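There are 2 protein chains.
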Amino acid sequence: MLASISATTINPRQNNIPLIQSVKKNRNVTSLRIYARQAALVAEPPSPHKTQNRTARLAESLLNFVHLHFDAPTNNSSYAGHGREIVDRRHKMADPEAPIMSPKEDISAKWNEIHTSDRYENLLSPLQPWLRREIVKYGEFAQATYDAFDFDSFSEYCGSCRYNRQKLFEKLGLSKNGYEITKYIYAMSHVDVPRWLERSHLVDTSWSKDSNWMGYIAVSDNEETKRLGRRDIVVAWRGTVAPTEWFEDLQNKLEPIDESGGEVKVEHGFRHIYTSKSETTRYNKLSASQQVMNEVKRLVKLYREKGEAVSLTITGHSLGGALALLNAYEAAETISGLPISVISFGAPRVGNVAFRDKLHKMGVRTLRVVVKQDLVPKAPGIMLNESIKKFEEITGNLDWVYTHVGAEIKVDVRSSPYLKRKFDLLGFHSLETYLHLVDGLVSSESSFREHAKRDVALVNKACGMLVDELRIPENWYQLEHKGLVKNPYGRWVKPTRDSEDVPSLHHINETPCPPCLD
Amino acid sequence: MLASISATTINPRQNNIPLIQSVKKNRNVTSLRIYARQAALVAEPPSPHKTQNRTARLAESLLNFVHLHFDAPTNNSSYAGHGREIVDRRHKMADPEAPIMSPKEDISAKWNEIHTSDRYENLLSPLQPWLRREIVKYGEFAQATYDAFDFDSFSEYCGSCRYNRQKLFEKLGLSKNGYEITKYIYAMSHVDVPRWLERSHLVDTSWSKDSNWMGYIAVSDNEETKRLGRRDIVVAWRGTVAPTEWFEDLQNKLEPIDESGGEVKVEHGFRHIYTSKSETTRYNKLSASQQVMNEVKRLVKLYREKGEAVSLTITGHSLGGALALLNAYEAAETISGLPISVISFGAPRVGNVAFRDKLHKMGVRTLRVVVKQDLVPKAPGIMLNESIKKFEEITGNLDWVYTHVGAEIKVDVRSSPYLKRKFDLLGFHSLETYLHLVDGLVSSESSFREHAKRDVALVNKACGMLVDELRIPENWYQLEHKGLVKNPYGRWVKPTRDSEDVPSLHHINETPCPPCLD
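Going down the list, the sequences are from chains A and B.
Using full-length UniProt numbering, the first residue of the first sequence is number 1, and each one after it goes up by one.
Using full-length UniProt numbering, the first residue of the second sequence is number 1, and each one after it goes up by one.
Derived from the structure by calculation, the hints contain no laboratory data.
Note that the structure is predicted; figures quoted are calculated from it, not measured.
Possibly wrong hints are sitting among the right ones.
Stated by the list, open to error - Here chain A is said to cover these stretches of chain B; the calculated rule only asks that three of the stretch's residues, wherever they fall, bring their Cβ under 8 Å from a Cβ of chain A:
{"id": "1", "region": "265-276"}
{"id": "2", "region": "455-461"}
{"id": "3", "region": "469-477"}
As the list claims (entries may be wrong) - Once the Cα atoms are required to be at most 30 Å apart in a straight line, the calculated DSS-like pairs of lysine-lysine come out as:
{"id": "4", "chain 1": "A", "residue 1": "Lys482", "chain 2": "B", "residue 2": "Lys422"}
{"id": "5", "chain 1": "A", "residue 1": "Lys167", "chain 2": "A", "residue 2": "Lys285"}
{"id": "6", "chain 1": "B", "residue 1": "Lys209", "chain 2": "A", "residue 2": "Lys494"}
{"id": "7", "chain 1": "B", "residue 1": "Lys253", "chain 2": "A", "residue 2": "Lys422"}
{"id": "8", "chain 1": "B", "residue 1": "Lys167", "chain 2": "A", "residue 2": "Lys486"}
{"id": "9", "chain 1": "A", "residue 1": "Lys453", "chain 2": "A", "residue 2": "Lys176"}
{"id": "10", "chain 1": "A", "residue 1": "Lys494", "chain 2": "B", "residue 2": "Lys486"}
{"id": "11", "chain 1": "B", "residue 1": "Lys209", "chain 2": "B", "residue 2": "Lys285"}
{"id": "12", "chain 1": "B", "residue 1": "Lys176", "chain 2": "B", "residue 2": "Lys482"}
{"id": "13", "chain 1": "B", "residue 1": "Lys176", "chain 2": "A", "residue 2": "Lys494"}
{"id": "14", "chain 1": "B", "residue 1": "Lys209", "chain 2": "B", "residue 2": "Lys167"}
{"id": "15", "chain 1": "A", "residue 1": "Lys226", "chain 2": "A", "residue 2": "Lys422"}
{"id": "16", "chain 1": "A", "residue 1": "Lys453", "chain 2": "B", "residue 2": "Lys209"}
{"id": "17", "chain 1": "B", "residue 1": "Lys285", "chain 2": "A", "residue 2": "Lys171"}
To be verified - Facing chain A, a subset of chain B residues (Cβ under 7 Å, in silico):
{"id": "18", "residue": "Ile100"}
{"id": "19", "residue": "Lys104"}
{"id": "20", "residue": "Asp147"}
{"id": "21", "residue": "Phe151"}
{"id": "22", "residue": "Tyr157"}
{"id": "23", "residue": "Glu170"}
{"id": "24", "residue": "His481"}
{"id": "25", "residue": "Val485"}
Glycine is no exception: its CB is placed at the ideal position from the N, C-alpha and C atoms.
Build the full structure now, drawing on both the sequences and the hints.
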């Protein structure tokens with residue numbers, strides 16, 4: 001059905017309701033991809049005098065939406081200047097000794113601007129350098145949940161973190177940020193949303209086939225606390241690298257966030273991952289929600305008793321950004337007087353207008369970074385939300401309309417001279433692409449920041465977005481021999497994981513020791 | 001056209017010549033794959049009484065050929081016994097301390113059997129253990145040309161060997177074989193057969209964009225010489241890992257092997273790679289042929305002057321097996337009295353009947369290992385050779401018919417309890433699959449050898465043929481981070497190659513020192 005959509009098929013004089021329903025049913029990304037490409041090429045909004053009735057206007061809105069949001073690949077002729085820019089920048093990139101980060105500055109006096117200003121006025125356009133640096137820091141915390149995740153479906157530890165919490169930041173080169181992980185978070189993989197989470201192929205997997213490592217809670221050390229002006233508790237939620245399978249499975253089903261939520265509704269699947277638990281599992285006798293809230297409450301109490309200012313910053317990419325919002329909502333409802341921010345990357349919509357309004361009313365500040373070409377932030381209801389909002393008279397009720405929360409930082413793949421101009425669904429959604437574009441962002445009107453320092457090679461960790469001139473292989477983030485090693489007898493074997501990196505129930509079921517920060 | 005072939009289309013009562021011509025034109029492997037699958041499923045040989053004329057018999061022959069050579073995947077129900085066998089063997093495989101090689105035995109009195117017996121009688125069925133061990137040894141020499149090859153098209157050394165000749169065997173764990181490499185071989189990559197060889201994406205590549213590393217010449221050390229009963233010179237030719245692009249480009253054009261060749265004709269593309277040279281290149285002022293023959297002649301002279309018995313064993317996989325035959329032909333014509341063997345794996349046909357007869361007459365012994373399911377040994381002329389040979393009355397002339405040379409050892413993917421029963425073009429052709437199946441071979445009637453010791457994990461180096469129960473990842477032979485390393489400044493960079501591993505003209509243009517064997 002989708003493949004047959006064309007300027008001819010979408011005739012505003014026809015009744016298009018059945019067509020739109022069929023679009024809604026098809027959530028297959030491959031189809032969407034084909035559709036988006038075709039739509040971008042063929043869709044021309046019909047001229048105004050032809051839009052005679054409500055149905056026709058709805059169709060027009062849909063067409064406009066498609067046209068605006070999906071750009072056809074730039075043709076080669078516009079590449080000339082791009083090529084020269086690359087050459088000009090090459091010598092800079094080739095300098096292997098160039099610093100990879102701007103120097104840190106003391107932001108203790110600035111941080112409150114986020115919590116006192118409404119919707120981050122004066123901070124985003126142009127993007128304040130100190131805020132950009134913070135966004136990249138939190139983004140790297142989210143990226144760590146991918147970099148350390150055991151994706152190997154033949155591993156007995158598939159779905160766990162490859163390192164224990166004491167080693168993770170050191171292994172990933174993030175110790176520089178001055179935080180310490182105090183707890184890992186697990187979520188059930190048996191949620192009724194199929195294929196969202198990693199499952200081991202092995203039936204007799206020895207850690208837990210019921211749970212996935214979903215992130216961690218960390219807290220700033222004394223030096224970083226001084227620089228920030230408060231003890232910062234971070235929650236980083238793991239998402240999904242590829243918007244393939246789970247995207248397809250989004251059920252577009254809004255349900256009340258809790259018994260007392262009233263009109264506040266959120267997507268069923270996200271809420272299910274956040275709240276599921278089972279007595280028969282090893283790692284999810286408590287839900288992810290309970291694990292996180294217990295630890296956050298403990299840390300807040302610990303530092304408040306010391307007389308410190310405390311903040312909570314929740315971050316995540318993709319699905320992780322959705323979980324971050326649910327987490328922020330619960331924290332704001334549960335802990336009074338705690339400044340809470342969410343910094344999300346490529347996150348889908350989570351709830352309805354009431355959810356958005358309640359979050360805002362409770363003082364949760366949300367900064368959503370969105371790559372213009374990424375499809376995931378347009379989900380759920382990729383085709384319908386914007387269109388329907390403009391035609392709310394059809395229902396007169398916004399309860400079932402997914403709505404984004406907070407302030408948006410929009411970045412554009414085409415702003416970077418380092419990125420290919422090709423349609424690449426995975427590349428657009430990749431968190432490293434996001435971090436690269438944030439690093440180069442000054443404002444939507446400016447060109448890519450000349451003094452951006454972040455290593456561009458990182459972009460190609462899990463995609464192939466970098467232009468060939470940079471000579472960085474695609475999808476290069478991989479273990480040597482996929483983790484096999486040659487043992488002294490000459491056999492290639494999967495090494496036993498260091499016992500200290502084996503997931504431990506201790507982290508979950510017992511109260512951890514206070515972090516050794518003093 | 002191919003997609004439309006079915007039991008209905010191939011009607012023996014129709015004139016099928018145009019159909020077969022269209023099959024010949026299409027050399028696209030993907031199409032072949034689809035075709036083979038479909039053919040295996042739909043092709044039933046027509047009943048004899050329907051085959052009325054020559055054309056009909058040709059069609060029948062083609063159908064039989066297709067039917068015999070491509071097996072439809074086994075359905076799951078026949079897996080039960082297979083699964084149990086796997087489980088039975090699992091504890092053996094799981095023993096990481098199991099030896100990976102049978103003990104060596106002295107074969108000094110046995111080797112001549114190959115050169116005195118015609119077509120290896122009494123050695124192949126059952127396969128003599130000492131010969132199996134030798135076949136695996138030479139196969140590992142051929143495998144080394146893949147394992148050490150720089151496939152990275154963004155590397156400035158793309159198409160070269162990653163290690164210098166002194167280090168190669170040590171790096172790959174092949175020092176145990178007791179050989180020392182005396183010279184590397186290079187061939188031009190600018191041959192008029194497109195896409196056969198690796199080419200760097202980089203225009204300013206610093207070693208040579210004109211040449212590819214194509215293998216090496218090695219010689220047995222004193223200990224191995226004693227065990228073998230003669231000083232063994234080995235030539236190992238690199239082939240192509242994937243029968244994708246070059247397969248498609250096979251020109252099926254026979255041409256005389258040289259001015260004096262008379263009726264002896266070989267495939268144009270193979271001969272072109274073997275003989276091309278250019279004064280404007282750095283590594284191919286001499287052709288691969290000249291490089292090899294100069295070194296072999298030097299070594300033969302060196303050891304004959306010491307009064308030693310000398311032999312030449314030429315090995316290669318795929319394209320490398322074709323080059324091995326051309327090399328053997330030239331060596332047999334050039335050096336009198338030298339015992340020459342070719343041990344090839346998954347090699348295509350190279351020449352016509354006269355080529356085969358001349359090789360045999362000159363005393364070249366050839367052992368071709370062929371996986372029954374592999375398509376490459378059926379090339380060139382994948383569909384036509386067997387059929388046409390049976391209908392030689394059509395032309396009465398075998399000059400243009402490609403013919404295999406020497407004795408064949410046929411192995412069957414279905415003989416191994418470790419391999420999946422799936423159609424996998426790359427897996428069937430992979431040299432590691434070949435070595436695994438040879439290691440398990442007793443005879444075509446026997447089941448997989450119980451005491452086979454070769455590490456089965458090796459099979460999945462560059463394919464995914466191993467059953468899931470073994471828990472070995474697919475395509476696991478890969479560099480950590482595709483060769484990128486984090487430098488002390490935190491940037492991911494391509495490290496400079498050790499200067500001693502940079503390809504050196506010294507190896508090509510100057511006479512190397514004699515190997516330090518004494």
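Checked hints:
| no. | hint | result |
| --- | --- | --- |
| 1 | 265-276 | violated (count 0) |
| 2 | 455-461 | holds (count 3) |
| 3 | 469-477 | holds (count 6) |
| 4 | Lys482(A) to Lys422(B) | holds (23 Å) |
| 5 | Lys167(A) to Lys285(A) | holds (25 Å) |
| 6 | Lys209(B) to Lys494(A) | violated (38 Å) |
| 7 | Lys253(B) to Lys422(A) | violated (40 Å) |
| 8 | Lys167(B) to Lys486(A) | holds (18 Å) |
| 9 | Lys453(A) to Lys176(A) | holds (16 Å) |
| 10 | Lys494(A) to Lys486(B) | holds (25 Å) |
| 11 | Lys209(B) to Lys285(B) | holds (14 Å) |
| 12 | Lys176(B) to Lys482(B) | holds (28 Å) |
| 13 | Lys176(B) to Lys494(A) | holds (24 Å) |
| 14 | Lys209(B) to Lys167(B) | holds (24 Å) |
| 15 | Lys226(A) to Lys422(A) | violated (44 Å) |
| 16 | Lys453(A) to Lys209(B) | violated (33 Å) |
| 17 | Lys285(B) to Lys171(A) | violated (49 Å) |
| 18 | Ile100 | holds (4 Å) |
| 19 | Lys104 | violated (15 Å) |
| 20 | Asp147 | violated (11 Å) |
| 21 | Phe151 | violated (10 Å) |
| 22 | Tyr157 | violated (12 Å) |
| 23 | Glu170 | violated (13 Å) |
| 24 | His481 | holds (5 Å) |
| 25 | Val485 | violated (10 Å) |
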